[in-house]
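*Asks:* Add chain B to chain A, keeping to what the hints say.
2 protein chains.
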Amino acid sequence: MMIQALIFDVFGTCVDWRNSVARAVARQLPGVDATAFAEAWRAEYDPAMARIRDGGRGYVPLDDLHLENLHRTAQNFGVEAPDSLNTAWERLDPWPDVTDGLNAMRQTRIIAPCSNGSIALMTRLARYAQLPWDCILGAEIARDYKPKPAVYLASCAALRLPAHAVMMVAAHNGDLHAARAAGLKTAFVPRPAEHGPGQTTDLAPDAEWDIVADDFNDLAARLS
Amino acid sequence: MMIQALIFDVFGTCVDWRNSVARAVARQLPGVDATAFAEAWRAEYDPAMARIRDGGRGYVPLDDLHLENLHRTAQNFGVEAPDSLNTAWERLDPWPDVTDGLNAMRQTRIIAPCSNGSIALMTRLARYAQLPWDCILGAEIARDYKPKPAVYLASCAALRLPAHAVMMVAAHNGDLHAARAAGLKTAFVPRPAEHGPGQTTDLAPDAEWDIVADDFNDLAARLS
Chain A
1 MMIQALIFDV FGTCVDWRNS VARAVARQLP GVDATAFAEA WRAEYDPAMA
51 RIRDGGRGYV PLDDLHLENL HRTAQNFGVE APDSLNTAWE RLDPWPDVTD
101 GLNAMRQTRI IAPCSNGSIA LMTRLARYAQ LPWDCILGAE IARDYKPKPA
151 VYLASCAALR LPAHAVMMVA AHNGDLHAAR AAGLKTAFVP RPAEHGPGQT
201 TDLAPDAEWD IVADDFNDLA ARLS
Chain B
1 MMIQALIFDV FGTCVDWRNS VARAVARQLP GVDATAFAEA WRAEYDPAMA
51 RIRDGGRGYV PLDDLHLENL HRTAQNFGVE APDSLNTAWE RLDPWPDVTD
101 GLNAMRQTRI IAPCSNGSIA LMTRLARYAQ LPWDCILGAE IARDYKPKPA
151 VYLASCAALR LPAHAVMMVA AHNGDLHAAR AAGLKTAFVP RPAEHGPGQT
201 TDLAPDAEWD IVADDFNDLA ARLS
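Protein chains in written order, with UniProt numbering: chain A, 1 to 224; chain B, 1 to 224.
Excised from the complex, chain A in its bound form (with noise of 0.2 Å):
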């Protein structure tokens, strides 16, 4: 297979942000059901990203639209939030396979996280969660957010690849029906806990993706 980078989805594939970003509402908003603004929180990403994708807004990074949602979520469970909480999008743990796996792939392929998130997100996030990528790639190269196809062809010329030679990886049917269309090799990892224990989307694949992986380390072992 002649794939030459292999970029990531992040929130969700890469990292828990639910239980990571719960444990840090928990710890600045005492009294808050934790878990539920996380969810909820994280329920305005997309309607936030769509004015953006539908040319109604200019390029904004994603910590700025966390932000506005923070803001937006602490209003409708009746708090008020500090700013900083926001930096809980910049400490998200890892699914316990993520750090080996990526370190294995990044043997033999360039590795990258294309992801909605900012460069200065993808950079401490990666710092923090030990994501040993080789440059960050994303919404921030294409100032546009996925599933536009500008994001993935934005991080494939970056590379100076061709479609074909980049493998888009991610937990969400979706990110890889895009990535498809955009020309991209796909693989499929899921993650049955990403939305918890009640989750009812992405348990499996809808398509016949290039690659079905159990986890990260099962992808390496059938890329190599």
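Think of the hints as simulated: they come from the structure by calculation, not from any bench. There could be a bad hint or two in this list.
Facing chain B, from chain A, some residues (calculated, C-beta under 7 Å) [claimed, not checked]:
no.: 1; residue: ASP134
no.: 2; residue: CYS135
no.: 3; residue: ILE136
no.: 4; residue: LEU159
no.: 5; residue: ARG160
no.: 6; residue: PRO162
Just so you have them, the derived chain A footprint on chain B, three or more residues with Cβ under 8 Å [unchecked claim]:
no.: 7; region: 133-146
no.: 8; region: 152-160
From a predicted model like this one, the values you see are computed outputs, not experimental measurements. Every residue gets a Cβ at the ideal spot worked out from N, C-alpha and C, and that includes glycine.
*Replies:* For chain B alone, kept in the frame of chain A given last:
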């Protein structure tokens, strides 16, 4: 000192382009004076960027400028060069103190290149030379070339840091003058062998830079 990130010039400051490119030239163009060819190829670098800095040409990644300059240089030497020789710039040896020094500095601060090299070039060079960057900043982020202030400022902005919290590290006084004018902190590390035994430029600091260090290990010690 409130320095939160260190950004580095790469060609000359981190890696020995002259001997490394000469080695690749000797391998692919036998019979040519390889060191003279490497120096002549590098001499085309600044004029090629100048047209872009001046607005006479849109942003073109350095990989493409290097390739144009390769063929111009080959013509001047009366030879034909294969395009593949251009990847010599992805395989430049680090000065002996660089990898250890960067690993030490990375313990406490974000480290990134602020080079005129593209994301693709800096990514591949980092893998070859074991430069443990947290992310890739520099010309491609700004779509312009140093010493234009936009390149330093875009690199700080990508980290969401004010310029005074970022230190530019270079073996070239001119790079540091431009970084200081943009508001960054500055560190000079001499590389008296960059241009070979007859080097006459940048042998010493020509201004009171915030730090003057012997090498990257010394710089790491002064910062800690």
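*Asks:* Under the criterion of a CB-CB separation shorter than 7 Å, is LEU159 (chain A) in contact with chain B as hinted?
*Replies:* Holds, about 5 Å.
*Asks:* At a threshold of 7 Å, is the proposed contact between PRO162 (chain A) and chain B supported by beta-carbon distances?
*Replies:* Nearest chain B Cβ about 13 Å off; hint violated.
*Asks:* Check whether three or more residues of the region 133-146 of chain B sit with their beta carbon closer than 8 Å to a beta carbon of chain A.
*Replies:* Contact hint for the region 133-146 of chain B vs chain A: holds, 7 residues under 8 Å.
*Asks:* Tell me if the interface restraint on ASP134 (chain A) is satisfied: Cβ within less than 7 Å of some Cβ in chain B.
*Replies:* The hint holds - ASP134 (chain A) has a Cβ within 7 Å of chain B, the shortest such distance being about 5 Å.
*Asks:* Interface hint check: CYS135 (chain A), Cβ to nearest Cβ on chain B, cutoff 7 Å. Holds or violated?
*Replies:* 4 Å, holds
*Asks:* Do three or more residues from the region 152-160 of chain B put their C-beta atoms closer than 8 Å to C-beta atoms of chain A?
*Replies:* holds (count 3)
*Asks:* Go through the hint on ARG160 (chain A) and say holds or violated, using the shortest Cβ distance to chain B against 7 Å.
*Replies:* Since chain B brings a Cβ to about 4 Å from ARG160 (chain A), closer than 7 Å, the hint holds.
*Asks:* Under 7 Å is the threshold here; is the Cβ of ILE136 (chain A) close enough to any Cβ of chain B for the hint to stand?
*Replies:* Constraint on ILE136 (chain A) satisfied, holds at 4 Å.
In this structure, only the earlier hint numbered 6 is contradicted, and the remaining ones agree with it.
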